[in-house]
Amino acid sequence: MTALLEVNHLKTYYRADGDFVKAVDDVGFRVEKGESVGLVGESGCGKTTVALSLMRLLPVNASILGGEILYDGQDIVKLSDRRLRRIRWKSISIVFQGAMNALNPVKRIVDQIAEPMLLHDKISKEDAARAAQKLVEMVGIDKARAKDYPHEFSGGMRQRVMIAMALACDPRLVILDEPTTALDVMTKTQIQQLVKSIQMKMQLSTILITHDLSVVAETCEKVAVMYAGKLVEFGDVVSAFEKPIHPYTAGLVKAFPNIYGSRELPVSIPGAPPNLLHPPSGCRFAPRCPIAGQECEQPPIGKTLSGNRYVECWKR
Amino acid sequence: MKKTTTPLLRTLSGFWTVYSANKKGVIGLALVVFFFAVAALANFAPFDPSNVDPSRTWLPPNSVNWFGTDWFGHDLFSQMILGTRVSLFVGVFATLISIVIGTMTGLLAGYYVKRLGELLERVIDFFLVIPYLPLMIVLVAVLEATEIPIPILWIVIFVIGITGWSGTARIIRSQVLTVKERQFVDRARTIGAGDVRIMIKHILPNVFPLVFANAVLTVAGSVLAEVTLDFLGLGDVTTISWGMMLHFALSNSAMYRGAWWWLLPPGVAIVILVMGFTLIGYSVEEISNPRLREKKF
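So the sequence lines, in the order shown, correspond to chains A and B.
Using the working numbering, the letters of the first sequence correspond one by one to residues 24 to 339.
Using the working numbering, the letters of the second sequence correspond one by one to residues 7 to 303.
Source of the hints: derived by calculation from the structure; they are not laboratory data.
These figures come from a predicted structure and were not determined experimentally.
Each residue gets a CB set at the ideal place from its N, CA and C atoms; glycine is no exception.
Mixed in with the good hints there might be a few duds.
[Stated by the list, open to error] Listing some non-contacts, in silico: residues in chain A with all C-beta distances to chain B over 12 Å:
no.	residue
1	Gly-51
2	Asp-98
3	Phe-119
4	Lys-130
5	His-143
6	Met-185
7	Thr-210
8	Met-223
9	Ser-237
10	Val-290
[Stated by the list, open to error] Among the chain A residues that face chain B by a calculated CB cut under 10 Å, a handful are:
no.	residue
11	Leu-80
12	Ala-85
13	Ile-87
14	Trp-112
15	Gln-120
16	Asn-124
17	Gln-135
18	Pro-139
19	Ala-191
Based on the provided sequences and hints, a complete structural model is requested.
Quick look at the structure:
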């Protein structure tokens with residue numbers, strides 16, 4: 024069976040002063056139908072750039088220089104703008120980072136949710152408004168509030184509105200870019216549960232971008248760990264967090280406090296991520312890696328270990 | 007809070023609550039409403055303002071002719087009332103033209119910054135820098151000389167309209183530049199909205215308060231422009247307006263004859279009407295920009 028989304032050797036670079044910032048360099052992963060994949064890594068490691076590449080929404084100074092993004096067998100990288108427009112939102116939709124600011128302050132939320140339907144489906148204004156109303160209820164907002172303006176909503180509610188908007192055209196894959204950042208813990212949990220239940224109900228696949236490992240552990244089946252534009256580890260969530268293979272994943276897991284077991288202090292990873300204009304020629308994590316050796320001065324070759332776990336490391 | 011039926015009503019009543027607290031705004035609104043009422047009721051003027059009565063010339067204000075009469079024996083009170091209608095008509099329609107051109111140019115110049123924006127910027131600069139009075143005089147003179155079958159009143163409106171939009175365009179452009187960088191514009195593009203839809207459905211509503219504040223201030227300017235053109239004799243001499251009254255007063259040496267009642271009413275009315283519009287414009291600006299709000303102690 025083919026995967027719903029298959030990313031192979033994706034390269035997305037930003038142009039800067041005649042040079043390239045290698046934001047995403049040779050990244051590949053798969054998303055099966057109905058599966059949720061967490062994409063984690065520290066700030067600036069290329070998570071959002073991957074998400075934007077998937078929908079080809081990159082800023083003008085960025086471009087996809089190689090690789091393929093296969094959605095249902097067709098390569099998004101090579102699609103014409105017209106065919107791409109048909110896939111966007113109808114098949115793949117996105118909940119933006121800092122979604123609270125992605126609502127137009129002077130338009131009613133029900134109209135904003137209805138907008139993608141009016142643009143993509145042949146549907147009358149009344150039907151679109153009715154469908155939008157249903158979505159509003161589905162994400163847990165009182166239908167009496169549907170005609171309110173964004174400033175009358177709290178941050179969590181606005182996030183719910185953004186999720187409703189992402190579901191407007193019945194997509195099969197939803198990308199959630201930091202959907203719970205800047206929300207308090209209670210709201211965060213509610214939003215997570217909402218996403219999870221909608222995912223079950225609609226048989227959605229999701230890609231969840233976050234730097235919060237606990238969110239991934241709770242909601243995702245697979246996890247992709249990125250470091251400095253590279254995918255360092257990809258595999259099943261439970262085994263990846265319990266027995267991390269890549270030293271970076273191990274470092275990340277150790278840097279989070281454990282609420283079970285012995286009372287250990289979180290351990291941080293020394294050093295800082297490399298400058299992506301001139302990354303290390305070998306393994307990009309080597310300068311910070313506790314187990315780096317001679318061979319790490321060459322770029323590591325990705326390999327798949329038992330349990331279908333992909334890793335890019337010389338030492339494993 | 008009391009529950010009202012629709013968000014629009016709630017917004018309007020909310021706006022009124024804020025607006026009515028602004029003293030300047032209320033005074034300005036009262037003045038403008040007064041003049042609009044006079045214009046609406048102009049048919050009830052006591053005399054036909056073009057009626058010539060040779061037996062009643064150069065009369066100072068009296069119980070029959072409240073504002074006195076002029077050299078031809080016209081009733082000046084009736085002329086004032088009908089002049090209000092013409093001045094407001096020209097002011098409002100010229101503003102409509104200015105605001106439509108200004109808003110569209112501003113939107114396009116702000117949205118397409120690169121080539122089209124550069125071009126439009128230069129056009130806006132041109133209209134900002136050129137002294138508008140000589141331009142208007144030349145345009146009106148040329149258009150009237152071409153003998154196109156358009157009433158002179160509409161020529162005046164057209165000329166005032168196309169010379170007074172550059173300020174609006176500049177202000178709208180700068181606001182569009184900031185609004186289009188907001189995230190909801192990206193989102194609109196993501197869901198497949200085209201440029202025209204983004205401009206009209208997403209950006210325009212966000213700059214609309216500015217359009218409105220500008221429109222009110224532009225009316226004041228347009229009324230003044232109309233008075234100026236009429237006073238210089240470029241308007242329609244058969245239509246009575248405040249500017250025309252001043253024009254005839256001057257050309258019949260009303261000052262020399264001591265006929266202050268012929269000059270004073272149109273002059274004072276112009277000042278008050280323009281002040282009314284300006285006060286409204288400033289208070290709308292204050293309300294939409296909280297930093298300018300009156301400090302209360």
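Numbers of unmet hints, in rising order | Numbers 3, 4, 5, 6, 12, 13 - these are the hints that the structure violates, sorted from lowest upward.
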